[in-house]
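Please take these sequences and the hints and turn them into a complete structure.
For the protein sequence lines, the chains are A and B, in the order given.
Per the working numbering, residue 1 is the first one in the first sequence, and the count goes up by one each step.
Per the working numbering, residue 1 is the first one in the second sequence, and the count goes up by one each step.
Bear in mind the hints are in silico, worked out from the structure with no lab data behind them.
Be aware that one or more of the hints could be misleading.
[As the list claims (entries may be wrong)] Straight-line distance between alpha carbons at most 20 Å, and here's what the computed PhoX-like set of lysine-lysine pairs gives: (1) A:K196 with B:K395; (2) B:K239 with A:K178; (3) B:K196 with A:K196; (4) B:K178 with A:K207; (5) B:K239 with A:K207; (6) B:K610 with A:K610; (7) B:K196 with A:K395; (8) A:K207 with B:K207; (9) B:K207 with A:K239; (10) B:K196 with A:K390; (11) B:K610 with A:K178; (12) B:K610 with A:K196.
[What the hints assert, rightly or not] Estimated spans, in silico, between C-beta atoms of each pair: (13) B:E529 with A:S265: 35 to 45 Å; (14) A:N150 with B:G643: 47 to 57 Å; (15) B:D586 with A:I657: 45 to 55 Å; (16) A:I657 with B:G643: 31 to 41 Å; (17) A:G636 with B:E270: 20 to 30 Å; (18) B:D220 with A:K328: 37 to 47 Å; (19) A:D627 with B:E505: 20 to 30 Å; (20) B:D147 with A:G636: 36 to 46 Å; (21) B:D323 with A:S265: 35 to 45 Å; (22) B:S90 with A:E529: 52 to 62 Å; (23) B:P289 with A:K196: 51 to 61 Å; (24) A:E57 with B:A565: 49 to 59 Å; (25) A:Q339 with B:D220: 20 to 30 Å; (26) A:E637 with B:N150: 42 to 52 Å.
Backbone N, C-alpha and C define an ideal beta-carbon position, used for all residues, glycine too.
Number of protein chains: 2
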Amino acid sequence: MNLCKCGKQNKDMANAIRFLSADAIEKSNSGHPGMPLGMADVATVLFSQFIKLNPSEPHWFDRDRFVLSAGHGSMLMYSLLYLLGYKDISINDIKNFRQLGAKTAGHPEYGHLAGIDMTTGPLGQGITSAVGMALAERMIAAKYGDDVCNHYTYVIAGDGCLMEGISEEAISVAGHLKLNKLIVFWDNNNITIDGKVDAANSTDQIKRFEACGWNTIEVDGHCQKAIAKAIVKAQKSKKPTLIACKTTIGFGAPSKCGTSKCHGSPLGAEELENMRRALNWTSAPFEIPDDIIQAWRDAGQRNIGAFKDWQARAKSKGKEFNDVINGKLPKGWDKELNQLKETAIAEKTKVATRKASQMCLEAIVPHIPQIIGGSADLAASNLTLTKASKTITAKDYNGNNIMYGIREHAMAAIMNGMALHGGIIPFGGTFFVFSDYMRPAQRLSALMGIRVIYVLTHDSIGVGEDGPTHQPIEHLASYRCMPNILTFRPCDIVETAEAWQIAIETDNKPSILALTRQNLPLLRSSAKENLTSKGGYVLSEAQNKRQATIIATGSEVSMAMEAKAKLAEEGIDVAVVSMPCCELFDAQPIYYQEKVLGTAPRIAVEAASKFGWEKYVGLDGDIIGMDGFGASGPAGELFKYFGITVEEVVDSVKDLIR
Amino acid sequence: MNLCKCGKQNKDMANAIRFLSADAIEKSNSGHPGMPLGMADVATVLFSQFIKLNPSEPHWFDRDRFVLSAGHGSMLMYSLLYLLGYKDISINDIKNFRQLGAKTAGHPEYGHLAGIDMTTGPLGQGITSAVGMALAERMIAAKYGDDVCNHYTYVIAGDGCLMEGISEEAISVAGHLKLNKLIVFWDNNNITIDGKVDAANSTDQIKRFEACGWNTIEVDGHCQKAIAKAIVKAQKSKKPTLIACKTTIGFGAPSKCGTSKCHGSPLGAEELENMRRALNWTSAPFEIPDDIIQAWRDAGQRNIGAFKDWQARAKSKGKEFNDVINGKLPKGWDKELNQLKETAIAEKTKVATRKASQMCLEAIVPHIPQIIGGSADLAASNLTLTKASKTITAKDYNGNNIMYGIREHAMAAIMNGMALHGGIIPFGGTFFVFSDYMRPAQRLSALMGIRVIYVLTHDSIGVGEDGPTHQPIEHLASYRCMPNILTFRPCDIVETAEAWQIAIETDNKPSILALTRQNLPLLRSSAKENLTSKGGYVLSEAQNKRQATIIATGSEVSMAMEAKAKLAEEGIDVAVVSMPCCELFDAQPIYYQEKVLGTAPRIAVEAASKFGWEKYVGLDGDIIGMDGFGASGPAGELFKYFGITVEEVVDSVKDLIR
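Now the structure itself:
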């Protein structure tokens with residue numbers, strides 16, 4: 001173990017983290033002691049001398065952000081919040097680590113405990129969302145001034161985070177945009193679950209970060225003076241900084257430190273006892289010497305003055321800034337959007353829903369200052385740019401559009417970071433089929449319950465010639481089964497506008513907009529009520545008595561309407577239900593659902609996997625959809641080839657009612 | 001445009017690619033001319049002077065592999081195959097580019113046209129699977145000798161591939177394992193769909209690859225002599241090589257070259273006409289001058305001698321090698337596995353299915369030489385190692401286990417590459433929840449129809465304390481809706497063994513094994529028939545007349561069995577159906593499905609998203625499952641908290657039959 005002379009109190013402040021962490025993990029008999037023990041010195045320096053925070057105001061907009069990208073080291077976070085004096089966490093919470101209902105969950109959970117800036121655990125997500133936070137900080141500062149938005153984003157990342165591919169997307173974006181207030185501590189302990197890092201990796205991380213435009217500093221992760229010096233240097237950098245901290249995993253645990261044995265299991269009573277001896281720590285479990293806890297509490301109060309000064313400056317900054325940071329939408333923000341719907345109905349606007357989405361954005365973006373758009377190198381296809389869009393660069397952060405490059409995963413995680421930071425409502429586009437690349441980050445959007453809007457165009461075999469690699473099939477179902485996310489597939493420009501309205505007003509869930517490449521006719525005759533907010537509704541009732549109900553989404557709703565007309569010619573009376581959002585429909589009262597779906601036989605039509613539609617059509621209904629992957633060819637031919645046509649719908653109805 | 005003096009014939013061989021590509025794209029009015037035009041010189045050098053292939057034997061095991069990672073440039077591939085004389089492609093196929101049913105699909109599709117080594121299009125997948133191919137080559141060579149396995153893997157990758165995070169995972173694995181026979185050509189044209197690369201990226205790619213242990217060479221991508229020199233140098237390298245080819249996108253198109261205008265749209269008649277003039281190309285569309293086609297056909301024949309020599313050597317290599325490369329399983333490979341089932345039944349073995357899977361692997365690995373395992377840094381949790389496992393290193397490729405590091409996405413794509421290469425049946429492990437990271441590659445496993453086995457442990461809230469970031473909820477449903485993949489969730493060791501049997505014998509689909517962290521009792525009393533192969537079956541019939549049918553999977557099957565026993569005490573007679581693989585059940589004859597599911601009310605029990613279960617229980621049945629994300633806490637408490645218990649099942653049955 002290291003012989004650095006950093007002063008007993010500083011060392012014991014770090015040891016307080018070590019013992020709170022190790023004792024809590026021991027008591028719960030579950031958890032990851034290696035990282036909290038190894039990074040305790042770094043965390044002590046950062047949190048006691050540098051980080052700008054106010055334990056009484058955990059949501060202070062201008063606080064420094066901190067992301068524990070290596071989320072398994074959650075006890076490091078909980079120890080810090082307790083020691084700093086956050087009211088939301090007590091010693092009993094520490095003792096209840098990883099128990100059902102405890103604030104001290106297995107991994108840090110956003111919204112679960114004040115002071116946690118992000119849910120982490122899935123590796124690589126933290127460092128990437130931190131890029132979003134750092135970017136949000138610069139964009140808001142560029143707009144409203146450094147006097148009200150001027151903070152750092154700090155990250156602790158492990159080898160796992162750096163091996164995940166998403167980290168490369170993250171660091172290349174951060175380097176490209178010169179996010180110099182982003183400072184990443186790499187817990188360079190050369191240990192992963194399966195053993196030594198060099199068994200699976202020999203990347204020169206310093207060189208790699210430098211290749212991506214980062215400033216790098218190497219430091220002994222157990223020398224607090226050296227760590228402090230490095231942070232001071234990093235804060236002055238014109239580039240984002242990686243501080244590579246050479247650490248010993250499980251520092252202090254005499255026989256297990258430096259090995260994977262202390263990564264993911266409690267140390268055990270004997271080792272813990274020996275650690276007490278080794279670090280000369282005489283306090284009982286969960287007890288911290290008075291002088292040490294006082295030193296920590298004092299550290300927690302360092303920025304009270306700065307907080308008050310900021311409050312005064314923020315107050316005088318005017319309504320827009322304060323609304324933005326409080327997540328308030330401008331009054332009447334959707335007035336132009338509502339007009340768009342009326343005009344569309346008057347003019348019977350026939351457009352692809354991706355184009356409809358762009359028309360909506362033209363009506364939204366100028367009215368909501370916190371809207372920030374972007375695309376993963378498909379802006380011209382996703383139609384995410386508007387006349388009011390201005391792309392940010394490293395030289396000018398004052399804008400509302402981000403060129404994410406061909407980095408879908410980072411786009412999603414960066415959007416998470418921007419939404420978490422606050423003051424921003426992010427939307428970002430790619431092809432629907434490539435949403436697969438974003439899934440780990442999207443799951444976190446849903447789990448954290450944050451407002452991130454995914455604009456996913458080219459939503460079916462309607463993609464045409466690009467073929468099966470570019471045609472989503474299972475994607476709609478794969479989001480419908482994910483908790484806490486809204487999956488919209490609008491059928492025309494009116495439903496598209498309605499979906500945008502809901503997505504923007506829903507501040508506790510992410511939304512997906514699945515949009516067509518191809519043109520779709522206008523189907524709605526009134527936009528008085530936002531019918532999409534009910535998830536599904538009767539678009540066209542039967543004339544007399546329903547003989548069947550055709551349920552459809554997106555591009556297949558017009559197909560259903562045509563089928564209805566053909567069936568009427570043959571004297572068959574059906575209703576058409578448009579179902580732009582199953583999740584919202586499922587949330588309606590049962591009587592509404594039953595009224596909409598009716599008692600007549602039901603048919604679902606959707607150019608996607610049939611999986612899940614039995615929920616609405618039952619075992620006696622019919623589903624017209626895709627049974628396998630798509631194919632390359634003109635879109636019209638594909639719909640015929642795969643049997644998703646008006647004729648098939650007509651035949652299906654006839655078969656069903658026979 | 002470039003003034004390099006590389007000889008008229010060489011230039012015209014490249015121009016043949018350019019005009020075939022541009023004319024086909026023009027005719028189909030769809031496609032991406034920029035890349036084929038820009039990389040035609042590189043492709044000409046590679047395919048006419050270096051690549052080892054035999055157009056008459058496109059599946060020659062010892063051919064060099066070629067992956068067009070930038071798959072949108074598909075016409076480059078089709079032009080090459082036609083020019084080299086592959087019988088599977090004619091000039092009519094070129095003329096039918098992107099038409100329904102044509103072999104010349106929008107993106108190259110494996111199995112669709114002989115000579116395509118991999119389906120590409122989703123960026124970053126190609127370069128990563130190529131790492132798998134290069135690794136497969138070295139591993140098979142280490143085992144059977146360089147005399148029968150000694151070939152290069154070549155890749156053409158664009159900026160998109162290099163920006164995708166998966167590429168970092170790929171290059172760090174390749175560098176770490178010193179895969180020196182992997183040669184990547186980077187089409188360094190500084191253009192992406194949205195404009196110039198430097199608008200979204202400023203990574204120093206050369207430095208980045210060097211940080212990952214690669215050899216790098218920079219070259220003028222339009223100077224054929226320089227390209228040839230670079231390849232010679234790369235072939236001698238002890239590291240994988242990146243050849244950075246400075247190219248002009250759309251080379252030859254006078255007004256559009258060097259811009260994103262020629263990336264993804266036909267050039268247009270006028271531009272194409274001007275290109276003919278600029279490149280002095282007088283042939284009509286789809287016509288190639290005799291001397292040029294002859295030069296290409298001659299190039300195609302360069303390795304006929306080498307092929308014949310190899311054939312002779314391979315023949316004399318013995319049965320095992322020839323079985324391996326022909327994908328034949330050893331006779332009686334599952335004898336020990338069958339014995340394991342018998343023993344388990346005799347001993348009533350109670351183990352977690354992840355442990356059961358390891359026991360199966362102990363019985364499988366020693367008997368199948370082509371089985372190659374691995375894990376993304378969770379070997380001790382996924383239990384993917386066996387006594388017969390030997391981990392490969394850069395110094396010794398003769399093994400059967402790969403430490404993938406914390407790179408789930410690369411693991412999946414590398415497994416795709418190994419399966420595509422042939423001679424290997426790959427399996428790889430991670431936590432089920434992190435399958436999200438692998439999804440784009442898994443979709444390609446399914447789309448290509450290749451045998452890749454995903455060992456996904458910790459399959460539900462049974463994960464316990466790690467909490468919602470680590471507890472899969474939507475994952476089972478999200479694979480069940482994906483075409484052409486088998487999703488297994490076995491309930492005990494016997495079903496686990498059966499699932500392994502099917503996964504190994506199914507050579508045209510990937511399989512997922514979702515396995516528990518926690519112990520499960522033995523439920524099967526006979527292993528005479530592989531019942532998992534039917535997908536679902538009556539595990540325990542009602543004693544007299546079914547009053548209800550409980551359908552369950554994995555850890556919930558024993559719960560269903562307990563509920564059945566409790567219900568019997570109250571005089572209620574139910575059957576329990578185990579459903580380890582919905583996809584296989586759906587493939588059974590209707591009469592079988594109806595017999596199994598019965599006509600009594602049905603209840604499904606699965607500790608996962610309820611989405612999709614209406615398919616079996618209908619609108620009148622009940623589903624016991626998860627409505628949202630999980631939580632952190634001991635597993636037993638979580639099952640109670642979320643109402644997935646024997647009591648709930650009992651109550652549900654009583655409610656239903658009332």
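Now the hints, each set against the structure:
Of the supplied pair hints, the one linking K196 of chain A and K395 of chain B holds, its CA atoms being roughly 17 Å apart against a limit of 20 Å. As the CA atoms of K239 of chain B and K178 of chain A are separated by approximately 32 Å, the hinted pair breaks the 20 Å bound. Only pairs whose Cα atoms come within 20 Å are accepted, and K196 of chain B paired with K196 of chain A is rejected, the gap being roughly 40 Å. A threshold of 20 Å between alpha carbons decides the hint, and for K178 of chain B with K207 of chain A the separation of about 18 Å falls inside it, so the pair holds.
Under the criterion of a C-alpha separation no larger than 20 Å, the hint pairing K239 of chain B with K207 of chain A is consistent with the structure, at around 17 Å. With a C-alpha separation of about 16 Å, the suggested pairing of K610 of chain B with K610 of chain A holds against the 20 Å cut-off. This hinted pair checks out: K196 of chain B and K395 of chain A have alpha carbons roughly 17 Å apart, not beyond 20 Å. Simply put, K207 of chain A and K207 of chain B have alpha-carbon atoms about 7 Å apart, close enough for the 20 Å limit, and the pair holds.
Straight-line distance between C-alpha atoms of K207 of chain B and K239 of chain A comes to about 17 Å, which keeps the hinted pair within the 20 Å bound. Taking the CA atoms of K196 of chain B and K390 of chain A, the gap is near 17 Å; set against the 20 Å cutoff, the hint holds. A C-alpha spacing of about 45 Å is found between K610 of chain B and K178 of chain A, which places the hinted pair above 20 Å, so the restraint is violated. In summary, the hint linking K610 of chain B to K196 of chain A is not supported, as the alpha carbons are separated by about 40 Å, beyond the 20 Å threshold.
A C-beta distance of roughly 41 Å is found between E529 of chain B and S265 of chain A, which places it inside the suggested range of 35 to 45 Å. Checking the proposed 47 to 57 Å range against N150 of chain A and G643 of chain B shows it holds: the Cβ atoms sit about 48 Å from each other. Against the hinted window of 45 to 55 Å, the Cβ-Cβ separation of D586 of chain B and I657 of chain A comes to about 26 Å, which falls outside the hint. In this structure the supplied range 31 to 41 Å holds for I657 of chain A paired with G643 of chain B, their Cβ-Cβ distance being about 39 Å.
Range check, G636 of chain A to E270 of chain B: Cβ separation about 28 Å, and the 20 to 30 Å hint holds. For D220 of chain B and K328 of chain A, the hinted distance range of 37 to 47 Å is not satisfied, since their beta carbons lie about 57 Å from each other. Here the CB-CB span from D627 of chain A to E505 of chain B is close to 23 Å, well matched to the stated 20 to 30 Å. Judged by the Cβ atoms, the range 36 to 46 Å given for D147 of chain B and G636 of chain A is violated: they are separated by roughly 54 Å.
Evaluation of the 35 to 45 Å hint for D323 of chain B and S265 of chain A yields a pass: the beta carbon distance comes to about 43 Å. A beta carbon spacing of about 58 Å between S90 of chain B and E529 of chain A agrees with the range 52 to 62 Å that was offered as a hint. Hint check: P289 of chain B to K196 of chain A, Cβ distance near 59 Å, so the stated range 51 to 61 Å holds. For the hinted restraint 49 to 59 Å between E57 of chain A and A565 of chain B, the CB-CB distance of approximately 56 Å keeps it satisfied.
Between Q339 of chain A and D220 of chain B the C-beta distance comes to about 56 Å, which lies outside the given range of 20 to 30 Å. Remark: the range hint 42 to 52 Å for E637 of chain A to N150 of chain B is upheld by a beta-carbon distance near 45 Å.
Hint compliance for this structure: hints 2, 3, 11, 12, 15, 18, 20, 25 are not met, and every other hint is.
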